[in-house]
Amino acid sequence: MISDSTRARFAREVAKFPADQKQSAVMACLSIVQQELGWVSPESEQIVAEVLSMPVMAVHEVTTFYNMYNQKPVGKFKLNVCTNLPCQLRGGAQALAHLEQKLGVNAGGTTADGLFTLQPSECQGACADAPVLLVNDRHMCSFMSHEKLDQLVDSLQKAEAA
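All residue numbers for the sequence shown refer to numbering that gives the first Met the number 0, where the first residue is 0 and numbers rise by one.
Keep in mind that a hint or two might mislead.
Here are the simulated DSS-like cross-link-like pairs (lysine-lysine), alpha carbons at most 30 Å apart as the crow flies [as the list claims (entries may be wrong)]:
(1) Lys-71 / Lys-157
(2) Lys-71 / Lys-147
(3) Lys-75 / Lys-147
(4) Lys-101 / Lys-75
(5) Lys-147 / Lys-157
(6) Lys-71 / Lys-21
(7) Lys-101 / Lys-71
(8) Lys-147 / Lys-101
(9) Lys-157 / Lys-75
(10) Lys-101 / Lys-157
Between beta-carbon pairs, the in silico distance windows are [to be verified]:
(11) Thr-63 / Gly-103: 24 to 34 Å
(12) Asp-153 / Ala-18: 42 to 52 Å
(13) Leu-88 / Ala-57: 35 to 45 Å
(14) Ala-158 / Ser-52: 37 to 47 Å
These aren't lab readings, by the way, just hints derived from the structure by calculation. Quantities reported herein were computed from a predicted structural model and do not represent experimental measurements. Even glycine gets a Cβ: it sits at the ideal position worked out from N, Cα and C.
Given these sequences and hints, build the entire structure.
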């Protein structure tokens, strides 16, 4: 389930910490799992726990505390729209509603083709750029008008079709 290259990446992260503090690599290891599998399964939590010599529940607590870890499979493009108050005041709720309509899914859902998962999210730390969204937990998009949302979705669909 976890490749040798992933295990090697785990080892590089663990090596950054004193031997008696290797559990400090838990977030990095979960991120690596997600990069490989697209989500963090209970089985992968077990493997991370074994590698880091920590209880599986402690790994699961990290997985469930942070919304950047997917606890179930998601679409190729995960769109997290900030719905905290500053973004709400500047169109965050409307941005989320617009994407629900454009993609034909409710927040928390994945499109039938498996391409998009749409999620509301907590503050992304870019309140002055609201409304904002994060693509695949890595690429922040700011000042997302309906037109910019349409362009983003269309460009991601075209890139996937190419």
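Among all the numbered hints in the text so far, which are the ones the structure does not match? The structure breaks none of the hints.
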